[in-house]
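Visitor: Now for the letters of each chain:
2 protein chains.
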Amino acid sequence: MPVGTQGTVKAVSPEELEDELDAEVILGNTYHLHLRPGLEVIREFGGLHEFMRWDRPILTDSGGYQVFSLAKLRKITEEGVAFQNHLNGARMLLSPEISMEIQATLGSDIAMYFDECPPYPCDRDYAEKSLGLTTRWAQRCKDWTEAHAPERQLHFGIVQGSIYADLREASAKALVDLDLDGYAVGGVSVGEPEEEMFRAVENAEPFLPVDKPRYAMGLGTPPQLVEMIGRGIDLFDCVLPTRLARHGTALTARGPINLKNERFAKDTSPIEEDSNSYPCRKGFSRAYLRHLLKANEILGLRLISLHNLHFYLSLARRAREALDSSCFTTFREEFMTQYHQSDQAT
Amino acid sequence: MPVGTQGTVKAVSPEELEDELDAEVILGNTYHLHLRPGLEVIREFGGLHEFMRWDRPILTDSGGYQVFSLAKLRKITEEGVAFQNHLNGARMLLSPEISMEIQATLGSDIAMYFDECPPYPCDRDYAEKSLGLTTRWAQRCKDWTEAHAPERQLHFGIVQGSIYADLREASAKALVDLDLDGYAVGGVSVGEPEEEMFRAVENAEPFLPVDKPRYAMGLGTPPQLVEMIGRGIDLFDCVLPTRLARHGTALTARGPINLKNERFAKDTSPIEEDSNSYPCRKGFSRAYLRHLLKANEILGLRLISLHNLHFYLSLARRAREALDSSCFTTFREEFMTQYHQSDQAT
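These protein sequence lines map, in sequence, to chains D and E.
2 is the number of the first residue of the first sequence in the working numbering; add one for each residue after it.
2 is the number of the first residue of the second sequence in the working numbering; add one for each residue after it.
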């Protein structure tokens, strides 16, 4: 899922997402959209789809992660999380009920349950208490959605439990008991080593039903995506394609390249010779993209964002095809070998 | 002509310029492109068209105006202008021959003769001496292009003479004697009152041939464009559509509106109800555009730039149609009356 934090996938238009990239679903951030433009505005449009002119599915997160990463003066209680927002410092509260209500107003197709995302590292005692809260909050999310039945909205729970295998197992089982539409692994990509990230997924995955989508939140590099798919994950959101673009980094089958590098100054070739991405297909050269980046021209961000989003979405598509034709192991090996070639890495 | 200062019309792609806006010609800035990416890069591509992937005509200015508005420590001699560039302070020289050579390397379809653009106000003595230089430089430009005959390139001279009618007349006549492909009125929009701008054109126009294009450089607001067309001008370049967009201002038939204004916060209507611009046609609302501006999202600049460029290009098209059907006077009156309605101006 391309990430549309503030009601737009950065630098990209809805038409490009649909016609050029064929993105099937995008993510919107509940915390950001709640602050700005705010629900009063969204209500005028009957939801986020009409506001941003996007007809295809939207997944909204619970807002919990941003409360932990962006907001100030957090106070976590049984009720929810009181905090001051990062924009104007106003006092706010997010709770399971409030999060589900906001997401219902946004009208997303998939809403995430409100959870606490513990930090890394996290001691056993804190992780256990935090998970207790997340599990009780999940029940309250379910109660709210059953009472209010938001139209056509699916609901995913989030497995927590930090690095503790038994907590991950308990969390997964408790959520599966609620019989949800899908399940996410949360509390990953919060600063832990990569092995811990894989282990968190491995610790949760065996307890999640095979016939429901599994979603690893906030991940990751292209190799991490492939590894996660190999561990049974179906769905990802990741800001990397657009964030890397803003830093001048383009993704290729042979690893990332930084187009600001001097050696691309006269390079008339496209980002990748055999890529079907928009800038490659249209013949935009590395030298031109470098020039746009150096001159701070928006078209540079646009073109590299389109390329990187194409890279991610096409990677996911190829992984799915490999799974369908039972050759995922070969696909993974070939991808990893080629991606880690260092001949053009910068 | 949309302005592509640094090899890109800000925030807009070549495909949008062609398919969406049907821009027939764009402007590239010789000074900027000479500094960055530099001619060594442009030569690798055989010219600016291939570098920026734009097949349609490009007009390049002479670089003179930017030397006067951006560069530091200028010293004007008979030879040319020595200066330190605004990017890294390196010492450089622009002369008639160098400007024409750079423009030949850029491979523009229309190259402008190198001139001195005197400031406003400008006393008679300075204006006269400056015009003498501009006229002698024009001959040197012609000598250079005749000796080197850049392929398929047209050449326009620039009428100077500040606010002095007889100097404008002398300048126009001297250039017409050189039998060029087109003629521009320069030294306008440099801080003078609007009446002086119109008068500069009026003072030059009677001496320019009717069968060659006349170009007023660096203009202007939509009403100024219409007034200039009424005074016989055929061609304009203007940064306003994209610059206004960056400030959140969208152009409408009833005058400019600033979409950052609070009163648009819940406005579900498009920028203009009956506009055929991309954001209006696709149903993007004023409230959404306001949100994108407030959140510093690139899509906001993109959409408003597309709208404003559409506004300018469609205004020029309608003026041409009005001229063709001999109803320009009515068109001008109706446009002015509607544009100066203040009911939505901000």
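It is worth saying that the hints were derived from the structure and are not from the lab.
Where hints are given, some of them may not hold.
Put simply, identical chains are the same to the list, so a pair is met inside one copy or across any two.
As a list, the in silico DMTMM-like pairs of lysine to aspartate or glutamate whose alpha-carbon atoms are at most 20 Å apart [said to hold, decoys possible]: (1) 283 x 16; (2) 283 x 21; (3) 130 x 182; (4) 73 x 17; (5) 295 x 51; (6) 76 x 147; (7) 130 x 273; (8) 261 x 195; (9) 295 x 41; (10) 213 x 197; (11) 283 x 45; (12) 73 x 56.
Visitor: Work down the list of hints and note, for each, if the structure agrees.
Guide: Outcome of the hint check:
1. 283 x 16: Both. Shortest intra-copy (17 Å) and inter-copy (9 Å) distances satisfy the 20 Å Cα cut-off.
2. 283 x 21: Both: 12 Å inside a chain and 16 Å across chains, each within 20 Å.
3. 130 x 182: neither (26 Å within a copy, 81 Å between copies)
4. 73 x 17: neither (36 Å within a copy, 42 Å between copies)
5. 295 x 51: between (36 Å within a copy, 19 Å between copies)
6. 76 x 147: neither (28 Å within a copy, 78 Å between copies)
7. 130 x 273: This pair counts as neither: shortest intra-copy Cα distance 49 Å, inter-copy 55 Å.
8. 261 x 195: neither (28 Å within a copy, 43 Å between copies)
9. 295 x 41: Close across copies (16 Å), not inside one copy (40 Å); limit 20 Å.
10. 213 x 197: neither (24 Å within a copy, 72 Å between copies)
11. 283 x 45: Answer is between; shortest inter-copy Cα gap is 18 Å, intra-copy 39 Å.
12. 73 x 56: Neither: 34 Å inside a chain and 52 Å across chains, both beyond 20 Å.
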